[in-house]
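Enquirer: Sequence:
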Amino acid sequence: MKQKLKVVIKDLNFYYEQKQAIKEFNLEIPKKQIFAILGP
232 MKQKLKVVIK DLNFYYEQKQ AIKEFNLEIP KKQIFAILGP
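Numbering-wise, the sequence shown is residues 232 to 271 according to the numbering used here.
Since the hints were derived computationally from the structure, they do not count as laboratory data.
Accuracy of the hints is not assured; some may be wrong.
List time: in silico DSS-like cross-link candidates among lysine-lysine, alpha-carbon distance up to 27 Å [to be verified]:
{"#": "1", "residue 1": "K237", "residue 2": "K262"}
{"#": "2", "residue 1": "K262", "residue 2": "K233"}
{"#": "3", "residue 1": "K237", "residue 2": "K250"}
{"#": "4", "residue 1": "K235", "residue 2": "K250"}
{"#": "5", "residue 1": "K263", "residue 2": "K235"}
{"#": "6", "residue 1": "K263", "residue 2": "K241"}
{"#": "7", "residue 1": "K237", "residue 2": "K254"}
{"#": "8", "residue 1": "K233", "residue 2": "K263"}
{"#": "9", "residue 1": "K250", "residue 2": "K262"}
{"#": "10", "residue 1": "K233", "residue 2": "K250"}
{"#": "11", "residue 1": "K263", "residue 2": "K237"}
Beta-carbon label-pair distances, calculated as ranges [stated by the list, open to error]:
{"#": "12", "residue 1": "K233", "residue 2": "P271", "range": "16 to 26 Å"}
{"#": "13", "residue 1": "K235", "residue 2": "A267", "range": "28 to 38 Å"}
{"#": "14", "residue 1": "Q249", "residue 2": "G270", "range": "33 to 43 Å"}
{"#": "15", "residue 1": "Q264", "residue 2": "D242", "range": "29 to 39 Å"}
{"#": "16", "residue 1": "Q264", "residue 2": "K241", "range": "13 to 23 Å"}
Note that CB positions come from ideal geometry on N, CA and C, so glycine has one too.
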């Protein structure tokens, strides 16, 4: 059974000035799931 998705990120690229910090990031978070992103 396919889960219903609450958050979908596809091919995210992020630059900080001239530096690429994130390259082609993908993320799928299903409904009713606890999820956290931690970083500096």
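Enquirer: Please flag the earlier hints that this structure goes against, numbers listed from lowest up.
Expert: Hints 3, 4, 9, 10, 12, 13, 14, 15 are the ones this structure does not satisfy, whereas the remaining hints hold.
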